[in-house]
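J.: Join the two chains, each given in its own frame, into one complex according to the hints.
Heads up: the protein sequence lines correspond to chains A and B, in order.
Quick note on my numbering: the first sequence kicks off at 1 and runs consecutively.
Quick note on my numbering: the second sequence kicks off at 1001 and runs consecutively.
Certain hints may be false.
Unchecked claim - Part of the chain B face toward chain A, derived, beta carbon under 10 Å: (1) 1028; (2) 1055; (3) 1057; (4) 1067; (5) 1078; (6) 1084; (7) 1126; (8) 1127.
Claimed, not checked - What follows is a list of derived Cβ distance ranges for each label pair: (9) 1028(B) <-> 69(A): 19 to 25 Å; (10) 33(A) <-> 1047(B): 47 to 53 Å; (11) 40(A) <-> 1103(B): 38 to 44 Å; (12) 1100(B) <-> 68(A): 22 to 28 Å; (13) 1104(B) <-> 127(A): 19 to 25 Å; (14) 85(A) <-> 1098(B): 18 to 24 Å.
What the hints assert, rightly or not - In silico lysine-lysine, BS3-like type, Cα no more than 25 Å apart, as pairs: (15) 72(A) <-> 35(A); (16) 39(A) <-> 1069(B); (17) 1066(B) <-> 29(A); (18) 113(A) <-> 99(A).
Don't read these hints as lab results, they were simulated from the structure.
We treat Cβ as the ideally placed atom computed from N, Cα and C, and that holds for glycine.
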Amino acid sequence: MSRLFAPSVFRPVWRRNFSATTSQRAINKLCGSAKEAIKDMKGSSIVLAGGFGFSGVPNTLINAIRDRPDIKDLTVVSNNAGMPGVGLGQLLETRQISKMIASFIGENKAFEKMYLSGDLALELTPQGSIAEKCAAGAAGVPAFYTPAAYGTIG
Amino acid sequence: MPQLEIFLGFDILTSTVQTGELPVRYNKDGTVAEMSKPKETREFNGKNYILEEAINGDYALIKVHKADKLGNCQFRRGMNNFNEAMAKNAKVTFVEADEIVEVGDIEPENIHVQGIYVKKVIKSTEPKKIEKLTFAKNPDELLQAGASCKLHI
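For reference, chain B alone in the conformation it holds in the complex (with noise of 0.2 Å):
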């Protein structure tokens, strides 16, 4: 196990992502060309961290439940996932909407993002996709799933 032994020469683990050690890009013949830079570590309350530097993008492409034409959006279920962090973060914000609402339909409370943030917003054209196809192994499987599951919309 030549791997392990390399790994365990090391005083700690080292990580490929902290030490640098991630070809960025290749060369068309496999060689690598760029290579990650390692990253600042600090020791804060016996604990190590490493530093990242924060992001700062040009434009979001945001997906979102309702929309209102001042740019007040909500999200619904998976939406909320990176979509939020990326709406507040670019220069230009564009978002599509899955619905799009009169001012004041969204409560105050359940804007999720503010219009301040927002450029420019459109209606969703592209149908919601789906990875990866199951199908039920029979008609009461099919009636139970998703018995549970209330809706929030």
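The following block holds chain A by itself, in its conformation from the complex (with noise of 0.2 Å):
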């Protein structure tokens, strides 16, 4: 049955459907370097950076911005923020990161000194809720009921 159906080239041209197949060759996202992908990028605002650990982390777009001072104040939603010197720990050293959404904060005393010195903000959030917050947020769903944090300490 299915060598019936000619492939779609072989289709006359009154009979396209005219889809968007075409516009493909027109759309480059490939940037040279990170410094040109994050040029337009402005502070003050809330930033996603995905990772776990040390798995998994944008080493090279998080490097960019350390590089660009003039990014400051951002709000960082990360499960932990890396370690001193590394990831978005440089960040933390370099004051561009003003709070921190983040469900693990071991592993990185200058997270700590920070947050006890009144220099950084922190929204302690349980791990499975800050993955569902951002995939509520992508959904378009403003919120959701989770039994994670009820009636439990700390």
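T.: The following block contains the structure:
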């Protein structure tokens, strides 16, 4: 049966359904460098940074932000904040982050010191809740109910 | 045990996230400048829940294994963590990929983040970092490590 259907290229022009595939040639999202990619980025914004520990962390992009001191007062959403000198830990040291929404704050002495000395705001959120808060925002869901953090200490 | 008595004084064990008892920001002198907001709670089918509000990000920084010039991305292993939800969430999504591939090289069913969510794609230049290095005690142990692990690249 399937052989009866000719490939779309052999379809007469008047029967073509003007799909968007031809416009693909015009799209090119590749950028030569991280610096060029983030050139229009502004401070005082909410930045979501992927990764868990050192796995799947966008280090090239984070380093590019570190090299742009004018991007500051960032609210960063990430599971944890790297380590001093690595990943998001660098942006803490350069004081570009003013608030963290995170679930794991261990392994980072700079983070702890800044939090306790009033240089950094922290919204401690359970790990699964952070993931779902991002997924909900992506899907256009404004809020959701979760049993996580109900009736537990800390 | 004074702390325990405080907690047992409530009908239920209260949580700091739920009741807004976590300091969000401290003052320089160590006193609390701002506490977290208490969360709304509700019961469904006899179980209690708290209301969490969605996050709407301005920018997302995303790490992927493969990406093409249309912005279609594929993750590998640990990259599957928060990256997908965050990539789809933010207004502007920047992607860094281990490998830039031709359009069509990633099978349609293997695309984890569709190009429509992505603004810019760059190639990763930073090497992968390892949080804690541990060493095999003898060469046999080294050879066996990862023997049961299949690579799906």
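J.: If you check the beta carbons of residue 40(A) and residue 1103(B), does the distance land in 38 to 44 Å?
T.: violated (25 Å)
J.: Hey, does the residue 1084(B) contact hint survive, CB to chain A under 10 Å?
T.: For residue 1084(B), the interface hint holds, since the closest Cβ of chain A sits about 8 Å away, which is under 10 Å.
J.: Lying within 18 to 24 Å: is that true of the beta-carbon distance residue 85(A) to residue 1098(B)?
T.: holds (22 Å)
J.: Do the alpha carbons of residue 39(A) and residue 1069(B) lie within 25 Å of each other, as the hint requires?
T.: Judged against 25 Å, a Cα distance of about 19 Å means the pair holds.
J.: Does residue 1127(B) meet its interface restraint, that is, does its C-beta lie within less than 10 Å of any C-beta in chain A?
T.: holds (8 Å)
J.: For the hint on residue 1078(B), just tell me whether its beta-carbon gets within less than 10 Å of chain A.
T.: holds (3 Å)
J.: Given the hint of 19 to 25 Å, check if residue 1104(B) and residue 127(A) actually sit that far apart at their C-beta atoms.
T.: violated (36 Å)
J.: Are residue 1100(B) and residue 68(A) spaced within 22 to 28 Å by their CB atoms?
T.: holds (23 Å)
J.: With a cut-off of 25 Å on the C-alpha distance, tell me whether residue 1066(B) and residue 29(A) pass.
T.: holds (14 Å)
J.: Range first: 47 to 53 Å. Now tell me if the beta carbons of residue 33(A) and residue 1047(B) are that far apart.
T.: holds (50 Å)
J.: Please check whether residue 1126(B) passes as an interface residue: C-beta within 10 Å of a C-beta belonging to chain A.
T.: Since the shortest Cβ distance to chain A is 4 Å, the answer is holds.
J.: Holds or violated: residue 1028(B) as interface residue toward chain A, Cβ cutoff 10 Å?
T.: At about 5 Å, which falls below the 10 Å cut-off, the nearest Cβ of chain A leaves the hint on residue 1028(B) intact, so it holds.
In the structure shown, a violation is registered for the earlier hints numbered 11 and 13, in ascending order.
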